Amino acid sequence: MNKRKSTGARGRPAAAAPLQARQFEQLANAFRAAMASRDYGAACVAAQGALKILPQHMGVLSDYALCLMRQQQYTQAHAVYLRIYNAPPALQAQASPTWLDGLAEVCGWLGLREDTRRYGKQSLERADARHGQSPGHRLAAKPPAFRADLAQRNIIAFSLFGDSPRYGESAIANVTVAKELFPHWRCRVYLDDTVPAAIHRRLQEAGAQVIDMSGTTQDGVHPLMWRFLVADDPEVDRYLIRDADSLLSEREQAAIEQWIASDCWFHHVRDYFTHTELILAGLWGGCRGGLMPLKPLMQAWLARQADVTRFADQIFLRERVWPTLRQSVLSHDEWFDFHGATAFPPHPPIRWRTERFHVGSNASFQAIRGNSGKANGERQGWRLLDEQGVEKCGYSARVQDGQWMADLPFFIVERIGSGQWRVELTD
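In the numbering used here, the protein residues as written are 3 to 429.
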């Protein structure tokens, strides 16, 4: 759930001479182009050039630190972030809005647990001071009672769009394991016709409610935020909002059971050192009546955005939902000690046997790839076959320089790596 972003070295520096200003602008353009293609090495070179012109430019420093971190140059990134931290407040305010989150993250990579907690908590407290002062929605004394006998009124909601197996296969896995981990809940997937028909079918066969959001049904709501519509459903008493590419687990199950037993209207999870957003878009939940109708709020908010990014869901939650959620939330968080957080309760061993697992982690941190005779931009079809030669899934991937690549959940990549399953090209 890492959503750190750069601001880009923007603007012509007023203090620089005309020639330097032009050079700075050229470097800023080079930086933006490199970041767009995730070429962090080239972005670092551009940032270094800009810092030679304006060594104290906080926006460039924060972008430079981010690029160093993305190249796993953690010690260097840490030193640059500390330059920002130790700068005078007026100068510090010119840095990227997420620089303090970046400092917390790099401390996490370096194993500096106490520093991670301190800087992450500072970031959360600053965000709370800015966004938590609105009155929010008025809450009744107690939330609706949990009805274990009515699973259809307790919903785990996902958004799904596009044809990537990273999301499709993980979503199906979640629907499957939810039957065991959350027997009193039902999974609901909001999706559209960009999702392959086979995934629609497999989700329904696994027991999910499928809500088709194709065409005009979207009605001004971004696909990332379709899952939030469950909060407006009068037939739903409790809801959990989750990411399709993050896997449900025993750790999460224990936390949800503790929330159900509490009098809190909302639930939230932070389980990693990058979890420094006020509300993580795929790790919260609530009760019927706890929020104002979200659909008109989302429509109005999105209509005002000049640039809707992949962070839109979290920004919306920060600005529009946090003032209410903060009033009555059980927060499971062993990292930041923020807003009355509590430790996770004891739980059985987590079924996902990988060191990379935490609640909310991306299951598709690996990829498969292969050669193709197709031209650049064409799509190469492929499918996975099990030990008996039975097809498990099939997709297509765009070809670039004679190769295709597809992100896949680790539990599938492991089967391919062990020889249990094999990949076969289809067209």
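The set of hints was computed from the structure by calculation and includes no laboratory data. Please read all numbers here as calculations on a predicted model, not as lab measurements. Keep in mind that the hints are not guaranteed to be accurate.
[What the hints assert, rightly or not] Between beta-carbon pairs, the in silico distance windows are:
| no. | residue 1 | residue 2 | range |
| --- | --- | --- | --- |
| 1 | G396 | P295 | 35 to 45 Å |
| 2 | F413 | G391 | 16 to 26 Å |
| 3 | H186 | T344 | 34 to 44 Å |
| 4 | K376 | A38 | 47 to 57 Å |
| 5 | D265 | G421 | 20 to 30 Å |
| 6 | R312 | S216 | 14 to 24 Å |
| 7 | G396 | Q135 | 46 to 56 Å |
| 8 | M407 | Q135 | 15 to 25 Å |
| 9 | A199 | Q73 | 39 to 49 Å |
| 10 | S216 | G383 | 41 to 51 Å |
[Unchecked claim] With a straight-line Cα cutoff of 20 Å, these simulated EDC-like cross-link-like pairs (lysine to aspartate or glutamate) come out:
| no. | residue 1 | residue 2 |
| --- | --- | --- |
| 11 | K394 | E416 |
| 12 | K297 | E237 |
| 13 | K144 | D265 |
| 14 | K297 | E259 |
| 15 | K181 | E259 |
| 16 | K376 | E426 |
| 17 | K394 | D165 |
| 18 | K394 | D221 |
| 19 | K394 | D429 |
| 20 | K297 | D165 |
| 21 | K376 | D429 |
| 22 | K297 | D234 |
| 23 | K123 | E380 |
| 24 | K394 | E426 |
| 25 | K297 | E207 |
| 26 | K297 | D339 |
| 27 | K394 | E380 |
| 28 | K181 | D239 |
| 29 | K376 | D403 |
All C-beta atoms in this analysis are idealised placements derived from N, C-alpha and C, irrespective of residue type, glycine included.
Taking the hints in turn, this is what the structure says about them:
The hint said 35 to 45 Å for the Cβ distance between G396 and P295, and at roughly 40 Å that hint holds. Between F413 and G391 the CB atoms are about 20 Å apart, so this pair conforms to the stated range of 16 to 26 Å. For the pair H186 and T344, the beta carbons lie near 22 Å from each other, so the given range of 34 to 44 Å is not met. The hinted range of 47 to 57 Å is not satisfied by K376 and A38, whose Cβ atoms lie roughly 25 Å apart.
Between D265 and G421 the beta carbons are some 52 Å apart, a value that contradicts the proposed interval 20 to 30 Å. Separation of R312 from S216 is about 21 Å and conforms to the stated range, judged on CB atoms against 14 to 24 Å. At about 51 Å, the beta-carbon gap between G396 and Q135 stays in the expected band of 46 to 56 Å. As the Cβ distance of M407 to Q135 is approximately 46 Å, the hint placing it in 15 to 25 Å is violated.
Restraint check, A199 to Q73: a C-beta distance of roughly 40 Å satisfies the suggested window 39 to 49 Å. Between S216 and G383, the C-beta spacing of about 23 Å breaks the proposed range 41 to 51 Å. For the hint linking K394 to E416, the alpha-carbon distance of about 14 Å falls within 20 Å, and the restraint holds. Distance hint between K297 and E237 is fulfilled; the C-alpha atoms sit about 16 Å from each other, no more than 20 Å.
This hinted pair checks out: K144 and D265 have alpha carbons roughly 6 Å apart, not beyond 20 Å. Restraint check for K297 and E259: not satisfied, since their Cα atoms lie roughly 28 Å apart, outside the 20 Å limit. For the proposed pair K181 and E259, the alpha carbon gap of about 15 Å is at most 20 Å, so the pair holds. Pair hint K376 plus E426 holds up; C-alpha atoms about 15 Å apart against a cutoff of 20 Å.
Between K394 and D165 the alpha-carbon distance is near 16 Å, which keeps this suggested pair within the 20 Å criterion. Among the hinted pairs, K394 with D221 is inconsistent with the structure: their alpha-carbon atoms are about 34 Å apart, more than 20 Å. This hinted pair checks out: K394 and D429 have alpha carbons roughly 17 Å apart, not beyond 20 Å. Only pairs whose Cα atoms come within 20 Å are accepted, and K297 paired with D165 is rejected, the gap being roughly 26 Å.
For the suggested pair K376 and D429, the alpha carbons sit about 10 Å apart, so the restraint of at most 20 Å is met. About 7 Å separates the Cα atoms of K297 and D234, which keeps this hinted pair within 20 Å; it holds. Restraint check for K123 and E380: the C-alpha separation of about 47 Å exceeds 20 Å, so the hint is violated. The suggested pairing of K394 with E426 holds, with an alpha-carbon distance near 11 Å, which does not exceed 20 Å.
With a C-alpha separation of about 29 Å, the suggested pair K297 and E207 falls outside the 20 Å cut-off, and the hint is violated. Between the alpha carbons of K297 and D339 the distance comes to roughly 32 Å, so the proposed pair goes past 20 Å and is violated. Between K394 and E380 the CA atoms are separated by roughly 23 Å; this puts the pair beyond 20 Å, and the hint is violated. Taken as a hint, the K181 and D239 pair is honoured in the structure, with Cα atoms around 19 Å apart against an allowance of 20 Å.
Straight-line distance between C-alpha atoms of K376 and D403 comes to about 9 Å, which keeps the hinted pair within the 20 Å bound.
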